[in-house]
Every structure is written in structure tokens, then in C-alpha cells.
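Asks: What follows is the residue order along each chain.
Protein chains: 2
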Amino acid sequence: MAELLRGNAVIGQSGGPTAVINQSLVGVVEGLRAGLHQSGHVSRILGMRHGVRGLTKGELYDFTETPADKLERVAATPSAALGSTRDKPDAGYCQRILDACRKHEIRYFFYIGGNDSSDTCRIVNEIAAAAKYELRCFHVPKTIDNDLVENDHCPGFPSAARWVTLAFMADFMDNLSLPGIKLNVVMGRNAGFLTAASALARRREHAGVTDLQALAEVDGPQLIYVPEVPFDIDRFIADVESIYARKGRCHIAVSEGIKDDKGEAIGGKLIGGQKDSHGNVQLSGSGALGDQLAELIKTRLTPAGGKPPRVRADTFGYLQRCWPYTSSVDSHEARMAGRHAAKLAAEAERGGSITIVRTSKSGQPYASACGRVALAAVAAKTRLMPREFLTGVNNVTAAFIDYARPLVGDLPQFERL
Amino acid sequence: MAELLRGNAVIGQSGGPTAVINQSLVGVVEGLRAGLHQSGHVSRILGMRHGVRGLTKGELYDFTETPADKLERVAATPSAALGSTRDKPDAGYCQRILDACRKHEIRYFFYIGGNDSSDTCRIVNEIAAAAKYELRCFHVPKTIDNDLVENDHCPGFPSAARWVTLAFMADFMDNLSLPGIKLNVVMGRNAGFLTAASALARRREHAGVTDLQALAEVDGPQLIYVPEVPFDIDRFIADVESIYARKGRCHIAVSEGIKDDKGEAIGGKLIGGQKDSHGNVQLSGSGALGDQLAELIKTRLTPAGGKPPRVRADTFGYLQRCWPYTSSVDSHEARMAGRHAAKLAAEAERGGSITIVRTSKSGQPYASACGRVALAAVAAKTRLMPREFLTGVNNVTAAFIDYARPLVGDLPQFERL
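Line by line, the protein sequences are chains D and B.
Those letters in the first sequence? Residues 0 to 416, by numbering that gives the first Met the number 0.
Those letters in the second sequence? Residues 0 to 416, by numbering that gives the first Met the number 0.
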């Protein structure tokens, strides 16, 4: 263990916002106030406006005296209260971050975010070490994609998964009422966890089923396609055709990041999608993939001289990540992760990435705790759905349902006639 | 007043489902059980599977003995439990409906739906009268579009408006956190009520403001475009440009049914959209309008040789109409409307369309009651937003906020730093 440092603390939020990222922010603030601020080691608790971008510009919010009731209201508000950023700092940018830390006498650096943000945290930590500037850097996990390694799951995912579950539950009832082929595109560029959560919408969970005849009888999405399983267009059409022929309807969950067997995004392939600021094909904030898949189904399933089937696509878009009503497990864990980072700092830990660890076994009442790993263990790595969660075709396994079910909270019970 | 008839009753659900259409269904069932069934006039209470289509095929559900707790669970389930239909019966179809009524000895006909469904109800009523078959036909209102005449508002609208409000509240926080131009497409082919409900998302309600400088300061959608106001593309771009130049972000609500000054749908004009089964341009279940408007903004706002602004579009799609968590006012009124129809039937009323009447004045605690008008007064008519609800440009008035605010229920309070 090292000595405790004296100076100020700064907290930032980065990447796509979530419904509970402010819980983590407030968790760090209250943890610091009860710990390092109380003990006199931290004088001011600062927030970066729009992540490291605000830090370099000196755009800081002072949390040191913020009333507790205001903090509670911030914690319960979705999206990043400090503002977020997608900046990936290069060497010059990192130097400006370090200059800002020196200027504001920052000795504790907390960064709440996903893969890219954990990498920013790691780089800041390394630059500071190289410059022999003592800085304790902590990464607090956050991502609806659930794709951070070393974590059982990531704060933000349970609430987004809850929203996706509710959306599929409701939309399946809609599809029963006015039958047709309905396809919903869910967020997730590389990891399919959020799309897979659609399986929680099923009244009778047909986890593990691969037989199309059995899948046709599923309540909820009958077909689930995630980026981890190579997407074959002909196979997809055959799946849809088989279920539609049996039931006169078909309900489908598709991840925005589905890829072919060469790893090429179907979105980019079908539609030559727009590129975002990182040169990635823009997947969210556009209905193009859903529309193209719907068009494809319509074209391929129209009998010669016959009427095309009713096909509709919805792209869930940004609503998935910031819906005001969260999973209570998620709100709790996001707060806990923030507090844990502050607690480690008060214990003179040199830094690291906070993790969420499941402490209950399958079948037991759900329980979790926080852990810590080295920044480099998490930074810029992507966790994909493990094989045991996927049938390898178009469905999830019972193991995935066991994993995800406790996270999303109580669901409404629907009745059928 | 006429005599009470003896026979069976049948109930149908028609058109796009809503989150509370089953409340109306259960309201009719329980109203009949406590009234005409209790008194021995109605023997069996039947439900049509998929509206008049199921009736003609003899696909009926018998509610006469359904346990009350099951009915309560059905009432709390979104979407049409009996199944819905978009069939618009022609003369031959109507004859088959009448034949089915004779066959099943139906004397009371209840149809829950919107404009088209009320017209079906009117036609069935007329065909029966022409055939001298005594049939009492009641229409129970339902539509998230809120476009039935003679109603203060329609069951289904308050819950959809609540969902849209929550979506804009959350999405605005998202937009503050990662600024850019964000456009959300809301359901509504002819009437803009649901899109206008986005204004309820504003923390400080800038109702009635038309000045762009003032609109730029609005929390929530800064610009609102509805079908009632001719959509001018150049004006739209100028609006967005002005707000984006001031704030570096812009949050926009657009109705799927926006039209130019000749009444031509912008969707059809920009994209040559798909036609649905009625020959209308398909607006829902496609992200095309949002994507095209986003592309238009990107193209027109990119400075020469400069970087395009970050523009994203979400199309809210089907989730608007069947979200499991409703407005409590809506659930209550939908149930009340169903009960009222059964009550009128028990009072030997010959038929009609149930209406929702607001009995409170502006500023008073909200209260409502049911009324009745002739079927022909409502059938196939479309109510648009009145002039007093619109600034005539890109905003709603304080009168609209007064009108809509009590319908959506309590909203979460967001905090800002």
C-alpha cells in the first residue's frame, strides 16, 4: 500500500450515457466526502464537463459543497449530468490533461465509462507515471453493451436490458394482435448481450431451442441474431420463412452489429452505411439496417404474382440507454461501483478498474459485490457473449436466461385469452 | 327509449392496438355481466377474434364465465387481447357480418376502435337496419392519434403521450450529454397531438414561443413539426441551423405525417415511400423519413470544406402504442368508456359512439365523464389539432400544455448541474 496523497479529486463521465451513470458519479462524490475529504486529504471534489475535454479547458463543476438532496436527484436522473465525450486522447491531448491535473492540483482521477474510457484512464495513468506526477487513476465501469472484460456485467446494462425486455414484451403482443413479420434492431456493435435480453420477454422461455418448429411456438422474439454468430442472409430468410409459413407472423430481434462470416458488418454491406467520427459505420441514429432487412424479407418472401407479406422494422435507437425508469439492481450497483472507487482511493490504492462480481450462484437469491483489477486488464478490451450463452444459430441458452434474469427486475405479467 | 332485446352480445377490437384497449374490452364485459346478463337479456358475452374478420369466420371467445381475476389481468395487458384487424368491410363483407349476427343471435354489437372502426360500426348498424334485423351497435373510442371528433381526447392517447413525453425527456438529457442534432419521428399521419405531447418533456415549458433565439433555450424539443402546419423544407433547415449555431445542439420532434403546403406527405416526397395495404404511404415500421431528414440536415449544414454536424434520427415506431406502463387517467377512462357502452345498452339505448368529456375547467383538478353521440357524428371523421394549440410555426401553445398535461400523469423530475 502507498501513502495517501493530498490534493484535489476530479471525476469524469465518458462515452454513451446510460440511465444510471449518474448513480456512479454520485457514488464517487459521496464516497470521497465520507472518506478522503473528511480526512482532509482531498480538498475539492471536481467534475469534468464533458470528460477529459472539459478538464483540459478548465470547465469544472465543484461538488465539494453540493447539497445531499441535490446529489440524490442527480443520481436519479438519466444520462451524464456532467456531460460526456467520445474524445480518444492522443499524446498531445494527454499532455494537456496532465497539465490540467497539475494546475488544479489533482491527485485522484475517476473516470466512469466503457472500453474507450477505461483506455483513456489507463493512458492518463501511464503519462502521469512517466512524468513522475503522482496521480491515482480509477476507472468505474459503465456500458449498456455489457462488453467490459473482468465484469460479471456492467452498470447500465441491466436497465437497458430491462427496457429491451419490456419493448419486446409489448411489441410481441402488438404482433399477435395485428400479425405480420416484425423486426426490431437493438444496440450492440460487437457484443450481443442487449439483443439477447429480448429473450427475457418470452412468457415461456424457449431457451436453447434450435428447431424452427419449436421456435415458431415461442412467445416473444422467435429469432435472435447477435454479432457473435456470423449472419448468413439466406439462412436468415429461411428462418423467417419457416416461422411465417407456420404462424402467419414472425417476431425477430437483430443486433445492429450483425456481421457476415468475414466479420463485415451487414449494415455496411447492405446499405454502405455512413461513417461516424471514428470511421466506424454509423449504426445507431439511423433506421437503415432495419429497413433494408425488412425490404429483403419482403422481396424474398413475396410469392410469384402474390401479395407481399406485412413486414415492419423498428430501430430502438437511443431510447434504450437513458429511459428514466431503471432496473433497481442496476441503480444500486452503479452507486456501489462509484463508492467502491472512492473507498479504494481512501485505502491508498494506487488505482485500477472497479468490477462487478456476482457473489450468488445460479438458483440463489441474486447478490453482487465490487472488485478491482488493473487498468490494463480492462482497457480497450471487448468482451463478447460466451459460447455457453448462444445456441450458435438464432437463439440464446438457458444459461443466458439464468445470467440475465435477476438483473432486469420485476416484469409485468401479461394475460392472454 | 326502445325495449330491451334478448340475445347475445359480441365485442370486437379493431385498428392499431393501444396500451389500454383491453381496459375498454373488460369494461364492456363487466358492464354487461352486471347489467344485461344479470337481468337475463344477454345470454352469452362473446368476443370476436381479430374484429369483424373473426366474427364472419365464427372465431369467437366466450367471456360469459371468464373469472374476474383473469379479466383484471387482461385489462392490465397492453395490445388487443382479442386480436385486431384493419379490414374495412365492403357490401359483401357486411352481409357476412349480418349473417354471423343472425347465426349467433347477436343483438348487441360493441366495437372498440378509431375512425375506421367507428365507420365499420356505423355501416353494420345501417345494414342491420336495412335488413330489419334488430341490432344495437356501440362504438367505444380508442386511438393513440387522438383524432376522433366529439371527444375531448381518446383512450390510448394519454398513455402514448406519456411514453412520448418520457422518451423526449430522456433523449434531451442524452442530447445535452453528447451534443448534436437529434430528430425523433413520432406517430401521427394526420393529427399532430402525439408529436405535440413532446412539449410536455420540457422542464420549463416554452409554450407559445416562436422566436428562434428563445426556442434555442428550451429544455426538451426546441422544434416541433406537426401535420397540421405545412412543412417547408427550407424553413425547417433555417430553424435547425439557427438553434444549432447558438447552442451546438438541436432537439427536434417531427410527426411522421408532415405534409407540404399542397398536402403531399414529406415522407412520400423525399423518399417515395412504400405503400401500405390501403395504398397510403407506409410511415410506421420504417426509419426512412427520419433518415432522409437527417441526411438533408447533414448536407445543408455542412460548411464548405468543413466537417458535417453530428446528426441522428430515431423513429419511435410501434413502441409508442403498447408500452406496458400506462397513464392512470387513461387506464381509468378506457375502462369507464367500455362500462358506459354496456350501461347505455342496459338502458335500452339504440346505439351510438361513446365519448370522453372533460368536466373540469383549466386550473381545476382534472375530471372527466362519458357521453354519447350518434355513430354518424364520429364515423370516418378526423379531428385535427385546433388552431389554438399551435403557434402556426414550430411550437405548441400554452393552451395545448393545459390540455395535455393532466392526461399523462406524474413525470420524473430530472436534476441538472
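In case anyone wonders, no lab produced these hints; they're calculated from the structure.
Predicted model only: the values in this text are computed from it and were never measured.
A portion of the hints provided could be inaccurate.
A pair holds if it fits inside one copy or across any two, identical chains being indistinguishable in the list.
[What the hints assert, rightly or not] Derived BS3-like pairs (lysine-lysine); straight-line CA-CA distance at most 25 angstroms:
#: 1; residue 1: K131; residue 2: K69
#: 2; residue 1: K102; residue 2: K297
#: 3; residue 1: K246; residue 2: K306
#: 4; residue 1: K297; residue 2: K87
#: 5; residue 1: K246; residue 2: K87
#: 6; residue 1: K261; residue 2: K56
#: 7; residue 1: K131; residue 2: K87
#: 8; residue 1: K297; residue 2: K56
#: 9; residue 1: K297; residue 2: K268
#: 10; residue 1: K56; residue 2: K306
Asks: Hints the structure violates: just list their numbers, smallest first.
Replies: 1, 2, 6, 8
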